[in-house]
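This is what each chain is made of:
There are 2 protein chains.
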Amino acid sequence: MDRISASEAEDLGSIPSGPTIFHQMTSEEIQQKIYQMGQQARGAALALSLLSADEKSDILRAMATSLRASRVEILAANAKDISSADERGITGSLRDRLILDDARIEAIAGGIEQVADLPDPVGEKLGTINRPNGIKIDKIRVPIGVIGIIFESRPNVTSDAAVLCLKSGNATILRGGSEAIHSNKALAKALQEGGEQKGLPVGAIQLIPFTDRESVKVLAGMDKYLDLIIPRGGKGLIETVVSMARMPVIKHYDGICHAYVEAAADQDLAVAIIDDGKTQKPSVCNALETVLVDASLAEEFLPKLKQRMDVRNVEIRACEKTQAILSGVTPAKEEDWGMEYLDLIISVKVVEDLQAAVAHINEYSSQHSEVIITKDEAQAELFLSSVDSACLYHNVSTRFSDGEEYGFGAEIGISTDKLHARGPMGLVELCSYQYRVTGDGQVKDIERQAGL
Amino acid sequence: MDRISASEAEDLGSIPSGPTIFHQMTSEEIQQKIYQMGQQARGAALALSLLSADEKSDILRAMATSLRASRVEILAANAKDISSADERGITGSLRDRLILDDARIEAIAGGIEQVADLPDPVGEKLGTINRPNGIKIDKIRVPIGVIGIIFESRPNVTSDAAVLCLKSGNATILRGGSEAIHSNKALAKALQEGGEQKGLPVGAIQLIPFTDRESVKVLAGMDKYLDLIIPRGGKGLIETVVSMARMPVIKHYDGICHAYVEAAADQDLAVAIIDDGKTQKPSVCNALETVLVDASLAEEFLPKLKQRMDVRNVEIRACEKTQAILSGVTPAKEEDWGMEYLDLIISVKVVEDLQAAVAHINEYSSQHSEVIITKDEAQAELFLSSVDSACLYHNVSTRFSDGEEYGFGAEIGISTDKLHARGPMGLVELCSYQYRVTGDGQVKDIERQAGL
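First to last, the sequence lines map onto chains A and B. 0 is the number of the first residue of the first sequence in numbering that gives the first Met the number 0; add one for each residue after it. 0 is the number of the first residue of the second sequence in numbering that gives the first Met the number 0; add one for each residue after it.
Worth double-checking, as some hints may not be accurate.
Said to hold, decoys possible - Derived PhoX-like pairs: lysine-lysine, alpha-carbon spacing no greater than 20 Å straight-line:
| no. | chain 1 | residue 1 | chain 2 | residue 2 |
| --- | --- | --- | --- | --- |
| 1 | B | Lys223 | A | Lys234 |
| 2 | B | Lys250 | A | Lys135 |
| 3 | A | Lys234 | A | Lys223 |
| 4 | B | Lys250 | A | Lys223 |
| 5 | B | Lys303 | B | Lys320 |
| 6 | A | Lys320 | A | Lys305 |
| 7 | B | Lys303 | A | Lys124 |
| 8 | B | Lys223 | A | Lys250 |
| 9 | A | Lys32 | A | Lys216 |
| 10 | A | Lys184 | A | Lys32 |
| 11 | A | Lys320 | A | Lys303 |
| 12 | A | Lys223 | B | Lys234 |
| 13 | A | Lys374 | B | Lys223 |
| 14 | A | Lys135 | A | Lys124 |
| 15 | A | Lys79 | A | Lys216 |
Claimed, not checked - Covered stretches of chain A, as calculated for chain B (at least 3 residues, CB under 8 Å):
| no. | segment |
| --- | --- |
| 16 | 160-171 |
| 17 | 241-247 |
| 18 | 339-353 |
| 19 | 377-385 |
Please keep in mind that the hints were generated in silico from the structure rather than gathered at the bench. Ideal placement from N, C-alpha and C gives every residue a C-beta, glycine not left out.
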């Protein structure tokens, strides 16, 4: 699944706020309502953790069926959101993302069935330790518990996120944006009704039915019931959640991805990888933003790169050394090195050697994905061990940073964090673990009891 | 290593603040100094991640040697802290924890050598995915980066924490309490000087040389340089860090641990496990605080339990049903069920069945460690799958929740979190991972480039 970068999503911050539902609620009422949802989710989480793989698959299939059967209601709800967007003058891709139609509903339902077919991550034995005293320690994969998802815009997240959480045994509390509230409510209702026919615990999937800003604050502070919060949206939203959250947050920030064309690069291959990374889909977070070119091949390589970028209508923002070699390029400013363009723009810098490339990346990268292009295995190895990013590539396009491309079947996001989950997050990354220890009466101090 | 429970450590909150060093510093100066340390640590982290296992072991051994050689300076520094504690009227175990002597310094040095001998967690291949398109995805264990440790009281934490972080390739910034500032500085100096002789990167181990409260705030906000923060101390300290931190926090809160004596329990074994859990070392976080007794054997079992508790001078705080069976017990109040006594007190409740026991535990437990005592394997299995705590035991004392008992060699703490690390945290839990992907020019869209 191509992941729209956080920065692109952030455009949505400029949408005038949509209608607030239940705007007559006081802070106390909002808090009380969300805490009730939290308590219910906690109960559902225990029930969910005990469901078998088959039971969960049956529930998921029933949810897909219910979604298809609720097509008319969902489209009617969506029409309200679209008309509200039109009243506020929203156009272009911002409006497009809100739209549901037959094809999109079918895609969401088909996606649920795909998740139903994936292996169940829960209950897998991750290891066993047999200790000399006879105790046996099993490390077992278990659900995390209750996951809060705060998202903007695209209503399909309601289903995508809830379904992945359910498959991994977690209860979810969803808080979508006001611009899609009617669509989100219709989708959540269809999922709940379909699932509950096959034993989905009540409270396992809940959508906060109002979009007051207060609700984000309440969720972020509710560490009594919420084990994890995942914000899916723009940088502003993520920053807000991070600053308020009392529980762990898994973030996917920008993708400021780099290609380093090393001295021993196959130059045609380098051009192909940069072309793919920059132009095949510029709006996604694993797209390239900066090319670092080793000084030893800059004079030969840069014209080849320029030729291809010209074919693709890509603007080059160049360092001084690059400007000395290429004409018709824009001088890069300092801020260009930290920019996620998500557009047909690329920054290009000549670097002295691999160490300089690594230093540049570790300074400016968002720790998402980087590639080295070289035939020199030792240099590639050094690059892979020195760069502090989630996904590192040697002679492969960064566009492969994706849960499906990694074989995970589905992904909830690409984490730019280092704790718990890094890079593409699939079902196993939506789980925790637990130690289950068995024995036959072992105590820490046998002698002490024998002395009684 | 027996871990003092957070709640015991919290007593230290009542110590009047010790002398603040450099108290003339402004907030800006504190921030500037700590950010400098952060930047230096970030540079050291890259250098550390490239050290071989042997290089790190040599550094650790040199640190142990240096610590022994600095005995006189360390003891002199410690004498200042003790005299300051005496001036403030600190006595008993609080004073005892501050004391360093020859034996304790030797224990710290010996501990470092033990860590040097442990296997290196960094660089291990955690898995490989070969994709149909020919790309190979290796998942490699890597250091987290820069870890902040905020701790109170015991100066040995300066060494223990820095050494475990170093072994796992992480740089550390330590912020100890004012009561041990002289000891901490002397220990850090000895570690740095010894390590640097064998190539410890400058900035890899840093102690904040002042103890203004502002420094905790600055550290917790410094997500530019700090990847993780671990508070080691009382609940108040942990809460403060959690509410301020912009980066992940790994917490070890209280240990409110439960034993459930199931209907088919071996009753003598149950008494032995409860005795061990409660009385062998009451001040630690894996000690038992509550016993749940199945109603079907309460009349027979409770007098046996009472007899043993009497031998150990343990006060029983009993539910109404227990009071009806036992005389000479204290009635339990509602707050008893959430109490971490860390003392010769235990709460006892009669429950209807396993479901009631699980419900009680999931409500009141701190999700640390719980045990079921039963001969019924099916009931044990149900308990182990239903209780949402880090370490679950069947017929084994909860006192085994410990990194060394689990065979981890050493531990930095016992996490009551569910994300990243749960239960005893050893060296591998101080690491993250990274995907390293190799190929021969794979791009996402081959046809698009072929069309040029």
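These are the hints, each one checked on the structure:
{"no.": "1", "hint": "B:Lys223 - A:Lys234", "result": "holds (15 Å)"}
{"no.": "2", "hint": "B:Lys250 - A:Lys135", "result": "violated (26 Å)"}
{"no.": "3", "hint": "A:Lys234 - A:Lys223", "result": "violated (26 Å)"}
{"no.": "4", "hint": "B:Lys250 - A:Lys223", "result": "holds (14 Å)"}
{"no.": "5", "hint": "B:Lys303 - B:Lys320", "result": "holds (16 Å)"}
{"no.": "6", "hint": "A:Lys320 - A:Lys305", "result": "holds (14 Å)"}
{"no.": "7", "hint": "B:Lys303 - A:Lys124", "result": "violated (37 Å)"}
{"no.": "8", "hint": "B:Lys223 - A:Lys250", "result": "holds (14 Å)"}
{"no.": "9", "hint": "A:Lys32 - A:Lys216", "result": "holds (13 Å)"}
{"no.": "10", "hint": "A:Lys184 - A:Lys32", "result": "holds (16 Å)"}
{"no.": "11", "hint": "A:Lys320 - A:Lys303", "result": "holds (16 Å)"}
{"no.": "12", "hint": "A:Lys223 - B:Lys234", "result": "holds (15 Å)"}
{"no.": "13", "hint": "A:Lys374 - B:Lys223", "result": "violated (34 Å)"}
{"no.": "14", "hint": "A:Lys135 - A:Lys124", "result": "holds (13 Å)"}
{"no.": "15", "hint": "A:Lys79 - A:Lys216", "result": "violated (27 Å)"}
{"no.": "16", "hint": "160-171", "result": "violated (count 0)"}
{"no.": "17", "hint": "241-247", "result": "holds (count 4)"}
{"no.": "18", "hint": "339-353", "result": "violated (count 0)"}
{"no.": "19", "hint": "377-385", "result": "holds (count 4)"}
Hint check: violations occur at hints 2, 3, 7, 13, 15, 16, 18; the rest are consistent with the structure.
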